[in-house]
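Sequences are here, hints too, so could you generate the full structure?
Keeping their order, the protein sequence lines are chains A and B. For the first sequence, counting from 1, position 62 maps to 62 in the numbering used here; every step adds exactly one. For the second sequence, counting from 1, position 557 maps to 557 in the numbering used here; every step adds exactly one.
No lab work stands behind these hints: they were computed from the structure. Possibly wrong hints are sitting among the right ones.
Examples of chain A residues toward chain B, derived with CB under 8 Å [to be verified]:
hint, residue
1, R102
2, Q129
3, Y151
4, G190
5, V212
6, L213
7, A263
8, S274
9, Y276
10, L280
11, P287
12, P299
13, V309
14, A319
15, R322
Stretches of chain A that chain B covers, calculated by requiring three or more beta carbons in the stretch to come under 8 Å of a beta carbon on chain B [said to hold, decoys possible]:
hint, segment
16, 53 to 66
17, 176 to 189
18, 242 to 249
19, 288 to 298
Since the structure is predicted, the reported quantities are computational estimates derived from the model, not experimental observations. Yeah, the Cβ is synthetic: ideal placement off N, Cα and C, and Gly gets one too.
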Amino acid sequence: MPELSRRDFLVAALAMGATVAVSPRLEAAIRQVTSSGSSELFYLTPARARTCAAICARIVPSDPGSPGATEAHAITFIDRFLAAFELPSVVADGPAIYIRGRFSDRNGHAGDDFLSGRRAQFLPLTGHQEMSWRAQLYGVSALDHPPAGTYVSKKWRAQIGNLLPAPVSIRKAYADGLDSFDAFSKKTFGTPFASASSIEQDLMLQAAGNVVLSQFPLPAPPGAPDAAKALFPLITVHTFQAVYGLPEYRWQHRDAGVWENIAWDGDTQPEGNSIYDSALFGPGKGPNEGFGDPHVYLPHGGYRERRPVSTVGSGSGAALSRKSIAPLVKALRAQSKAAARTRKAMR
Amino acid sequence: MKRAIVVGSGAAGSTVARLLAKSGNYSVLILEKGRNYFTGLGGPIEKIGNLFSNDEVGWESRRSPIVPDPFLEPRSFRTSTGSGKRTFVGDVNGLPTTVGGGTVHYDAKARRFREVDFITNSLMGGTPDKPAIPGTTYSDWAMEYRHFEPFYAVMEEIVGVQGPARRDGRRIVNPNPYESWRSTPYPMPPGVAQLNSLLPSEAADRLGYHAAPVPTSVNSRPYRGRPACVDCGFCLHYGCPINAKGGGVWQLHDALSTGRAELRSEVNVLRVEYAKVRDGKFRATGVTYITPDGRSHTARADLVVLANSPIEAARLSFVSGIGQGHPNEKNIKSAQPTETDPSGMLGRNLMFHLQTIVLAIVNQPIHSYRGRTSTHTLDAFAGAGPSANQFNEETLRAGILEIGGNLNPVVEANEVAAFAYGEIHKQFMKLGPFHNHLTTFTLQGEDMPQITNYVDLDPDIVDVYGIPVPRVTYQSHPYELAASAFYTPLMLEIMETIGGPGSAHPTVQTLAALALNTTLPPALPGQIDAPVQQILSATPFNEIPASAHIMGTHRAALQPQHGPCDPYGRYWAFDNLYHAGGGLYATAPGYNVTLTIWALSYIVGSAIVSGVGGRGGYSKADIDRDHPRLLDVIKKLDRDTMIARAL
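Below, the structure is given as structure tokens:
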């Protein structure tokens with residue numbers, strides 16, 4: 001297949017009536033994130049961060065009134081995860097892997113346990129947990145320098161790479177993958193990834209293995225680097241974690257509006273959804289009648305709903321139609337058939 | 001005072017440790033491999049804290065901090081001895097390793113078996129030596145429902161179970177018609193019902209079934225010093241930040257409160273120490289464990305209880321030289337007795353529930369993401385019963401139908417990414433098919449015991465501590481596959497009946513109902529981070545169970561030729577070595593495993609403190625004769641319970 005030029009793509013895309021320019025709003029947002037400072041990046045270089053932010057912005061795009069990866073600062077989530085063991089103590093009190101409980105300040109708890117000012121609190125890791133996460137981030141070399149007081153059997157170490165798969169460094173996957181996307185873009189479209197059009201970016205993601213985009217009417221440009229292919233599933237997962245997970249993982253005290261947009265409450269503790277009210281029913285009265293032991297323990301009280309957990313249509317969220325979920329049903333049927341095939345084969 | 005060591009602090013270990021410590025006759029050392037995410041255990045209960053939160057990234061999307069790391073502690077898997085040494089290395093149905101065990105992040109369904117479930121083999125015409133179902137080691141349990149009933153009752157009160165059966169005068173009224181008799185009501189009434197459970201339940205009722213609120217060890221009222229659940233929506237896979245979820249840890253707390261128990265977490269038991277004493281009998285003298293820095297320590301004891309899960313207890317036995325860690329594969333269809341395991345079946349008859357999942361997506365938003373995982377179950381597909389005179393063997397036995405379920409958005413986004421991208425993906429997330437419109441059935445499937453389904457030691461692979469890892473050899477029996485296939489259309493029919501005219505929710509209708517067979521590990525990309533995913537990507541679809549319901553390996557039997565443990569959990573060749581937990585299951589009735597594990601563990605603990613057991617074999621009359629002494633333990637150590645008063 002002859003190599004397609006940037007012009008060919010633009011012509012083809014224009015013929016489809018698609019928007020080819022990166023939206024100015026998105027451009028500005030990306031610039032803001034990446035220029036707000038190299039000082040705010042702990043692992044990615046500014047150039048890689050630009051590419052990374054541009055990919056995230058395609059995975060969860062932004063629209064007017066509907067924030068996406070850019071507004072959710074996915075780049076901060078990813079960069080600080082990659083630098084989880086290298087963050088200064090003013091930013092994190094330990095390895096940035098698991099936020100430490102229990103409560104945010106969003107649900108009737110004073111203060112945010114997860115993020116205090118700009119310093120986030122994380123679960124301390126055991127030596128073995130730390131070694132395992134370091135191996136994920138830095139690769140197999142991390143196993144040769146376990147944290148102090150962490151035993152590693154020589155026999156186990158010798159198995160890594162043959163009987164047991166060797167971990168692949170996520171940091172390296174990002175560095176190489178982002179560089180590859182950029183090089184791929186320059187070679188194919190003559191421009192860095194971050195300044196390619198959204199259609200060009202999608203085509204490159206399609207080339208890197210996005211199965212959904214493979215139904216795109218345009219052929220993917222050939223020659224996607226392996227490093228880009230390796231990065232695509234990783235960056236997809238991380239973008240979803242960043243956008244839909246706790247905002248404190250991206251050092252924000254508030255969700256960017258994504259949760260409201262998908263009709264999701266986020267964390268709800270300690271208030272939760274149902275409020276137990278000790279005054280609602282007396283001991284042995286109403287729903288408490290016949291439960292417990294009058295000599296030891298007699299239940300009392302009942303529930304009020306803070307948010308509806310059992311009422312149709314009184315909460316937020318959209319109604320669905322058969323048409324709107326057709327692609328979903330198709331995908332699930334395929335999965336269901338695969339399961340049936342396996343079951344048959346097992347018999 | 002005697003010294004006891006309990007290995008494992010989950011549902012089983014905490015139950016035994018509590019009884020031993022409360023008896024006053026034992027000082028108890030509890031050894032736990034995982035971390036302690038609780039603070040203040042053993043102190044004032046209202047001051048007990050934890051490090052849990054409603055954090056989907058950490059507890060569900062990343063590998064949860066409490067589950068075993070398949071990189072550091074892999075297991076291997078194959079379907080039969082004919083498939084080579086192994087076909088897979090990684091996570092093979094690993095249970096959490098943490099203080100509290102699997103009861104930290106479970107969804108806490110607390111279901112009893114029925115009368116028929118303990119005696120199905122003989123009801124079908126089988127005998128101990130000729131199982132009713134060909135190709136299996138199907139068997140009656142060593143005890144019957146009438147023996148278990150008081151132990152179910154006491155555990156429901158100790159743990160704190162909400163459920164629908166209540167007292168009306170002298171009678172117990174149970175709205176679940178499929179269950180057997182009970183002598184006490186639940187301590188707490190059911191909590192708030194949820195639409196994703198109510199809608200299919202109501203549809204089932206219109207088709208002539210009877211769904212009921214599911215007994216759940218989650219507080220619906222303040223109970224024993226812990227608060228009522230607030231239906232936060234983060235239950236299965238999450239530790240409870242407010243301590244409303246009942247679990248092993250609260251019994252551990254009881255044990256520690258006596259001042260006669262000590263918990264050591266982050267220590268890994270390497271082997272059981274034992275000596276030959278007399279008449280070919282053995283006696284455990286303690287255990288040797290390793291601390292994270294690699295130093296090993298030996299702790300002496302008069303009694304050792306292995307309560308570290310059916311698979312890990314078998315593995316620990318094997319590495320200690322108990323049983324056959326490397327059985328002769330050519331002869332795998334036979335028991336292979338050794339001096340330390342006269343049954344020759346330690347590690348055999350490994351069972352997992354075959355779980356069949358049917359999902360439905362409804363048109364209206366129903367807040368699937370709020371509340372507990374499910375609030376109702378339907379028992380119509382568990383087989384005929386509940387009493388022997390209602391039994392027939394033509395009705396296939398699968399198990400209970402759990403009704404509810406949802407996916408939170410990070411996981412949902414990964415699922416949606418299989419068919420949508422970019423703008424379209426975002427639109428789907430806004431529609432929220434899995435967090436806002438989903439309901440599911442999970443049909444537990446009774447799993448036939450097979451001598452060729454077993455755990456042994458992998459011949460090559462060791463874990464980070466240098467200990468040989470467990471290898472699982474397992475495949476489904478045609479019985480459970482047939483039951484799943486039979487009930488799937490009936491499950492779909494219920495889902496299709498949801499809502500519509502004449503229902504309590506006429507504006508709701510099912511848009512799609514589909515069957516998925518998912519004892520499989522996460523099949524779609526991205527539920528955990530990449531290097532581990534790489535291990536999982538080697539998984540043959542649907543071969544490796546991920547049910548977290550693990551049973552068998554240590555069947556409790558009346559005679560040594562029928563199982564590795566006696567009816568009270570003692571290894572036959574030992575005076576003082578016990579297993580407590582799901583390993584003792586003889587068969588795998590399709591109910592959530594934990595309440596029966598609790599009842600069994602209370603039986604093990606009460607046998608130890610009352611001195612019951614120790615015979616070389618038992619008759620049914622022996623079991624009846626011993627039973628009152630076990631009940632005396634309830635009366636003595638848990639006298640503040642309804643069941644103690646009733647006995």
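*Which hints, by number, does the structure contradict?*
4, 10 and 17
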